[in-house]
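2 protein chains.
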Amino acid sequence: MDTLSGRADLLVGSVIDSSTSLLQQQSHDIVRFAMGSPAAEAVPVAIFEELAAKAYTSDAFDYAATEGDPQLRQAVLDLLSTTGEATTPERLTITSGGMQGLDLFGKLFIDPGDLVVVESPTYTNGSATALAYGAELLEVGVDGDGLIIDELEAAVARAGRTPKAIYVIPTFQNPSGRTLSLQRRLRLIELARRWRSMIIDDDPYGMLRFEGENIPSLLSLAEGDPLVFAVRTFSKILAPGLRVGWVDCAPELQPLLISAKQTMDTCTNLPNQRLIAAFLSDGHLPEHLTVQRERYRERKLAMQRALQDQLGTSANWTDPEGGFFLWVDLPGVDTQVLFPAALAAGVAYIPGPAFSPSGRFADALRLCFASTTPDRIAEGVTRLRRAIDG
Amino acid sequence: MDTLSGRADLLVGSVIDSSTSLLQQQSHDIVRFAMGSPAAEAVPVAIFEELAAKAYTSDAFDYAATEGDPQLRQAVLDLLSTTGEATTPERLTITSGGMQGLDLFGKLFIDPGDLVVVESPTYTNGSATALAYGAELLEVGVDGDGLIIDELEAAVARAGRTPKAIYVIPTFQNPSGRTLSLQRRLRLIELARRWRSMIIDDDPYGMLRFEGENIPSLLSLAEGDPLVFAVRTFSKILAPGLRVGWVDCAPELQPLLISAKQTMDTCTNLPNQRLIAAFLSDGHLPEHLTVQRERYRERKLAMQRALQDQLGTSANWTDPEGGFFLWVDLPGVDTQVLFPAALAAGVAYIPGPAFSPSGRFADALRLCFASTTPDRIAEGVTRLRRAIDG
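As you go down the protein sequences, you meet chains A and B in turn.
First residue of the first sequence? That's 1 in the working numbering, and the numbers climb one at a time after it.
First residue of the second sequence? That's 1 in the working numbering, and the numbers climb one at a time after it.
No lab work stands behind these hints: they were computed from the structure.
Errors might be hidden in some of the hints.
For identical chains, the list gives no copy identity; a pair is met inside one copy or between any two copies.
Unchecked claim - Mimicking SDA-like on lysine to any residue, the simulated pairs with C-alpha atoms at most 25 angstroms apart in a straight line are:
id: 1; residue 1: K54; residue 2: G141
id: 2; residue 1: K54; residue 2: L343
id: 3; residue 1: K54; residue 2: S220
id: 4; residue 1: K54; residue 2: I258
id: 5; residue 1: K54; residue 2: Q74
id: 6; residue 1: K54; residue 2: L221
id: 7; residue 1: K54; residue 2: D145
id: 8; residue 1: K54; residue 2: H288
id: 9; residue 1: K54; residue 2: H284
id: 10; residue 1: K54; residue 2: A42
id: 11; residue 1: K54; residue 2: E153
id: 12; residue 1: K54; residue 2: A154
id: 13; residue 1: K54; residue 2: L138
id: 14; residue 1: K54; residue 2: E139
id: 15; residue 1: K54; residue 2: L280
id: 16; residue 1: K54; residue 2: G312
id: 17; residue 1: K54; residue 2: E379
id: 18; residue 1: K54; residue 2: Q336
id: 19; residue 1: K54; residue 2: R360
id: 20; residue 1: K54; residue 2: A40
id: 21; residue 1: K54; residue 2: A65
id: 22; residue 1: K54; residue 2: A155
id: 23; residue 1: K54; residue 2: R196
id: 24; residue 1: K54; residue 2: V333
id: 25; residue 1: K54; residue 2: L77
Note that the structure is predicted; figures quoted are calculated from it, not measured.
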């Protein structure tokens with residue numbers, strides 16, 4: 001089809017995780033450590049059904065306001081007022097999941113050839129979005145304290161130009177589970193100001209801390225600086241299929257976000273906005289989060305125990321204080337080569353190179369501990385060891 | 001904010017309908033002819049509530065497959081098999097409303113500077129999407145038989161280059177209500193083949209024919225030609241707040257659509273996909289459509305009678321055989337100037353220039369007859385006449 005444009009080539013070249021669609025076709029016996037979904041048990045289906053009976057008025061199926069349904073907007077403002085991220089209506093735009101927040105950023109800010117910094121490893125679809133707008137990606141490493149700021153400075157110096165944007169998942173990072181330290185957060189904001197770079201502060205997991213001390217977000221540390229564009233979502237704390245999230249950014253951007261969103265999907269689906277608004281205003285969230293945090297802590301510990309039992313010193317893994325993921329290094333093992341054997345053994349994961357635009361991390365993989373019960377976690381890790389043993 | 005890119009400027013310059021958000025803030029006493037929503041009475045809320053109890057299993061809130069939930073995909077294939085648009089799984093991709101189908105087209109095909117033909121008048125957000133990808137728009141007039149093909153040929157000759165895409169709403173067009181004749185459909189396909197232009201066949205209203213004979217769609221007339229990219233939606237036949245539609249296009253494009261959609265919103269919200277799948281597979285749609293068609297026929301006639309009674313020979317209006325809209329010419333009246341007076345008199349519409357990227361149609365307006373009862377239609381048109389009389 002010779003009318004296909006250059007833009008489509010960019011998409012073909014992007015780092016979409018092809019193992020996901022492969023997985024969606026697998027049998028139900030697979031232990032699934034691959035997708036970053038909340039536990040099935042964590043979805044409050046009974047409450048949703050009950051709320052639907054109240055929330056499903058005929059106007060709940062009409063077009064929503066593009067910036068979000070007033071009921072949900074108010075409920076989110078109320079929710080955030082109890083956190084370090086209290087905000088105002090003109091900074092808040094409801095989106096179709098966090099992913100649309102990233103897409104909106106790309107549409108507003110990224111032009112072909114722009115330099116965009118991403119963590120290495122990073123969230124596949126986040127870097128793919130930047131690529132879809134023609135960005136050149138600059139991968140900067142992550143260690144136990146998150147993005148390595150010294151490496152960032154050196155990489156930008158080598159690039160000979162400052163980045164248009166710096167894309168970070170500062171808390172319980174996807175895929176590594178690591179958290180950017182307070183000191184590095186402050187340095188990152190300082191550098192962004194010096195370079196006049198935007199920071200995309202993507203934080204889907206921040207409310208799922210099950211250990212350790214809270215660290216203020218980049219959004220709150222920047223105190224209203226328009227350089228910070230914060231992307232948030234209900235996908236991980238409530239349910240991803242709802243496709244509802246929000247953006248918190250400079251008020252001057254809201255009219256642009258509304259214009260852009262009108263050309264993307266008109267508005268976010270309204271029944272689910274109303275369901276979430278009812279869930280929040282009926283006060284269900286605090287208890288829901290308490291239960292989920294404890295659940296995920298137990299599962300992380302179960303996965304770490306199983307890795308210790310099965311792989312011992314032949315592997316290393318992270319120790320996140322929240323979120324969904326462990327990042328596992330398996331020195332000497334090519335995790336892409338291993339993948340079919342692991343599927344055959346009955347366990348699924350995401351190979352490391354899927355999280356790097358340049359295909360780094362051949363001997364690493366991401367495991368999601370959130371969506372699997374401790375018993376199945378032990379079984380899945382045993383299967384993983386069997387696949388490695390060949 | 002000096003990091004704001006050129007792309008944002010395109011958005012600022014796009015023809016977003018600012019009157020919509022103004023309207024969303026008005027009191028409930030306004031007769032609303034502005035939004036293109038189905039009648040509130042047409043939304044099968046009771047059935048949705050009943051189906052939700054069945055459809056809301058815990059897996060109904062997880063991520064959906066990016067190409068669409070298998071249950072909905074099968075239900076749509078079954079639905080289409082009863083129409084002139086029978087299709088296959090590899091041509092079908094579920095989208096977050098028809099609007100996302102247009103956005104996907106832009107992301108795949110439109111590069112800055114590309115020529116895109118639009119009808120004049122056309123659907124505001126459709127042309128805005130093309131503008132957001134940097135298209136240069138070529139407006140071609142519409143008459144009683146739809147897009148004027150002679151004018152299209154002449155305009156392309158004058159432009160000195162062939163269009164990348166031709167964007168049409170062939171049936172009960174938004175905003176004019178007009179339908180592209182069979183002969184012109186065939187000529188349009190012929191021209192697209194000669195020019196190697198894509199045709200965006202956007203047909204939200206085709207199933208809402210309440211008079212006259214069905215005309216085969218561009219999609220079906222082209223018999224699988226990859227030049228036709230068809231955009232469809234449940235917004236008008238069921239409810240717009242669901243944000244569920246589909247694209248039917250060449251199978252080679254499906255992997256690109258999936259990659260692109262993953263960087264836009266990951267997947268379409270799943271609870272509403274399941275609701276629609278259940279609605280279709282339980283066989284509710286045929287009766288639903290029968291009732292809606294009769295309802296909309298009555299409302300069109302009520303609006304035409306009211307216009308005749310109130311405005312007589314000082315106005316002209318279209319006579320659509322389906323869909324939602326009348327297009328009204330008011331020679332000598334500036335409908336943008338009239339707008340605040342009309343709102344003050346208690347009636348809302350969309351002024352003509354909102355449907356033209358170059359601001360044509362100063363003395364025309366669009367009225368939606370679908371969402372208002374016949375009594376209120378008569379009242380609304382009376383208020384419109386009062387506003388015109390000053």
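Worksheet item: Hint by hint, which ones does this structure get wrong, listed from lowest number up?
Response: Structure breaks hints 1, 2, 3, 4, 6, 7, 11, 12, 13, 14, 16, 17, 18, 19, 22, 23 and 24.
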